[in-house]
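Peer 1: From first to last, the protein sequence lines stand for chains E and W.
Numbering follows the numbering used here, with no gaps: position 11 of the first sequence is 11.
Numbering follows the numbering used here, with no gaps: position 278 of the second sequence is 1278.
No wet-lab data here; the hints were simulated from the structure.
C-beta: ideal position from N, C-alpha, C; glycine also.
You may find that some hints are simply not true.
[Stated by the list, open to error] Ranges between beta-carbon positions, derived for each pair:
no., chain 1, residue 1, chain 2, residue 2, range
1, E, Ser73, W, Gly1040, 25 to 35 Å
2, W, Asp1239, E, Thr37, 52 to 62 Å
3, W, Thr1207, E, Asp71, 48 to 58 Å
4, W, Ile1256, E, Asn45, 22 to 32 Å
5, E, Ser73, W, Lys1138, 48 to 58 Å
6, E, Arg3, W, Arg1043, 13 to 23 Å
7, W, Lys1138, E, Glu79, 47 to 57 Å
8, W, Ala1020, E, Leu95, 24 to 34 Å
9, W, Val1143, E, Glu83, 53 to 63 Å
[Unchecked claim] When the alpha-carbon atoms are kept at most 35 Å apart in a straight line, the in silico DSBU-like pairs for lysine-lysine are as follows:
no., chain 1, residue 1, chain 2, residue 2
10, E, Lys4, W, Lys1021
11, W, Lys1290, E, Lys4
12, E, Lys144, E, Lys118
13, W, Lys1052, E, Lys40
14, E, Lys118, W, Lys1051
15, E, Lys4, W, Lys1243
16, E, Lys147, W, Lys1290
17, E, Lys4, W, Lys1064
18, E, Lys4, E, Lys147
19, E, Lys144, W, Lys1174
20, W, Lys1051, E, Lys40
21, W, Lys1290, E, Lys118
22, E, Lys4, W, Lys1138
23, W, Lys1051, W, Lys1243
24, E, Lys118, W, Lys1052
Take a look at the letters that make up each chain.
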Amino acid sequence: MSRKRVVSCTINGSEQQFLCEPRQTLLSALRDTLDMTGTKEGCSNGNCGACTVVLDGRPVVSCLVLAVECDGSRVETIEGVAEPEKLAPVQNAFLENAALQCGICTPGFIMQTQALLKDNPNPTEEEIRFFLAGNLCRCTGYDKIVKAVQQTAETAGSCKPGCCGGH
Amino acid sequence: MHDFEYECPRTLADAVAILAKGDSRPLAGGTDLIDHMRTGRFRPALVVDVKKIPELGLLESNDKGLRIGAAVSCFRLQSSATVRDQYSAIADAVSIIGSVQVQSRASMGGNLCTSGPAADSAPALLALSAQCVIAGPKGNRTVPLEQFFTGPGKNVLQAGEILVEITCPAPAPKSGSNYRRFIPRNEMDIAVVGVGVSVTLDASGQTITAARIGLGAVGPTPILATEAAKKLIGKPATDENYKAAGEAARAQTSPIDDMRGTVEFRRHVTGVLVERSLREAVARARGESKYHSHVRIPCC
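All chains, full assembly: derive it from the sequences and hints.
Peer 2: The following block contains the structure:
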């Protein structure tokens, strides 16, 4: 058996150290080692997006990342989205629009939505659908998810003045 | 997943020395490798993370051309204004490989080294005259991309060798390129047929002076369709000539029947996509069109 490695990284703003085997994915380290089970396992091959987390500022599928690769990285997961006792606007928008049923895909959709709105605060419907194309939902039919994303964007306000040509 | 060791060398020399020991696989974005290890298709004893090697993370351009480190992510390529404006077939290809999440990690070098016949980056890079810079125990060598692939999942890399960078010569003035594919969905699918083209026009913008056409998913490897390109060189940029090139491209394919398409369908679609891709590349060469992203590039 390969020796375990020490990984030091920042998860949701706090410094963490954990031991993992080289073969462990980031998804497995989060869920099985760190007990952070908010990130869900769907297909395990990068198609469904249920395990989406933000790694060094970019959304990734954590089933296709080795935990050892994350040494020195910043990881953001669904556990870091809400404030204590208060949901984030994107989470409220998902609830208000009934954008979830079974909920397995939801943490991935929330993380991907956050990543979208960070760079593109006022996305068009087409941009939302393309950005979320790597997240699969078998319950909602997507329209309610798109509406929730649009509502999140509307509540959050728009870009800085002069940005995107006033889009 | 099977048990393996992990190394993360900081220099190219160290990586070559480690890979030369054998039974290892380089890891860049991992979007193919990690899945292939999970399913048991690959069972290397050692995984060598190459993302900390400076040469493999390089992305730069000058008047000679473009240099793309083999581990540079699709997202970084899409974010480059030079790639979008001057090497737009690359931007077309890397913005439709997998999902946004996959594009955050997947590298074009990895896409080439996996060597799938349907790899989206291959036809685009064939059209742009890409060269592969390879390092190994016996030193460096450069291989034109059209000689890189040897079969489905196979390429010229020998044991201990690693793809370091991909280079493309700077396009001449009045040049344009495009990559497009046919898939039955809007996103997140594997090309049934993929076509990359590049063209250069004369000063009047009416006559094609140089052209290259790359084809994907219609043979055991990506194909450089030289005969099809010959139908265009020295000819006016007209629909009639695009059609002739598309017809010649069909003759250069050797597709298979599978769940995604029949031989007949793939041949037909090859010609259609060659025509459409030429029309777009010519429009880009004339400055009438440019790369369009479905996902807005970060602005704030």
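Peer 1: Evaluate each hint against the coordinates.
Peer 2: Verification of the hints:
no.: 1; hint: Ser73(E) to Gly1040(W): 25 to 35 Å; in the structure: 28 Å, holds
no.: 2; hint: Asp1239(W) to Thr37(E): 52 to 62 Å; in the structure: 58 Å, holds
no.: 3; hint: Thr1207(W) to Asp71(E): 48 to 58 Å; in the structure: 56 Å, holds
no.: 4; hint: Ile1256(W) to Asn45(E): 22 to 32 Å; in the structure: 23 Å, holds
no.: 5; hint: Ser73(E) to Lys1138(W): 48 to 58 Å; in the structure: 35 Å, violated
no.: 6; hint: Arg3(E) to Arg1043(W): 13 to 23 Å; in the structure: 19 Å, holds
no.: 7; hint: Lys1138(W) to Glu79(E): 47 to 57 Å; in the structure: 50 Å, holds
no.: 8; hint: Ala1020(W) to Leu95(E): 24 to 34 Å; in the structure: 56 Å, violated
no.: 9; hint: Val1143(W) to Glu83(E): 53 to 63 Å; in the structure: 54 Å, holds
no.: 10; hint: Lys4(E) to Lys1021(W); in the structure: 22 Å, holds
no.: 11; hint: Lys1290(W) to Lys4(E); in the structure: 49 Å, violated
no.: 12; hint: Lys144(E) to Lys118(E); in the structure: 21 Å, holds
no.: 13; hint: Lys1052(W) to Lys40(E); in the structure: 29 Å, holds
no.: 14; hint: Lys118(E) to Lys1051(W); in the structure: 25 Å, holds
no.: 15; hint: Lys4(E) to Lys1243(W); in the structure: 59 Å, violated
no.: 16; hint: Lys147(E) to Lys1290(W); in the structure: 30 Å, holds
no.: 17; hint: Lys4(E) to Lys1064(W); in the structure: 46 Å, violated
no.: 18; hint: Lys4(E) to Lys147(E); in the structure: 44 Å, violated
no.: 19; hint: Lys144(E) to Lys1174(W); in the structure: 46 Å, violated
no.: 20; hint: Lys1051(W) to Lys40(E); in the structure: 27 Å, holds
no.: 21; hint: Lys1290(W) to Lys118(E); in the structure: 25 Å, holds
no.: 22; hint: Lys4(E) to Lys1138(W); in the structure: 34 Å, holds
no.: 23; hint: Lys1051(W) to Lys1243(W); in the structure: 43 Å, violated
no.: 24; hint: Lys118(E) to Lys1052(W); in the structure: 27 Å, holds
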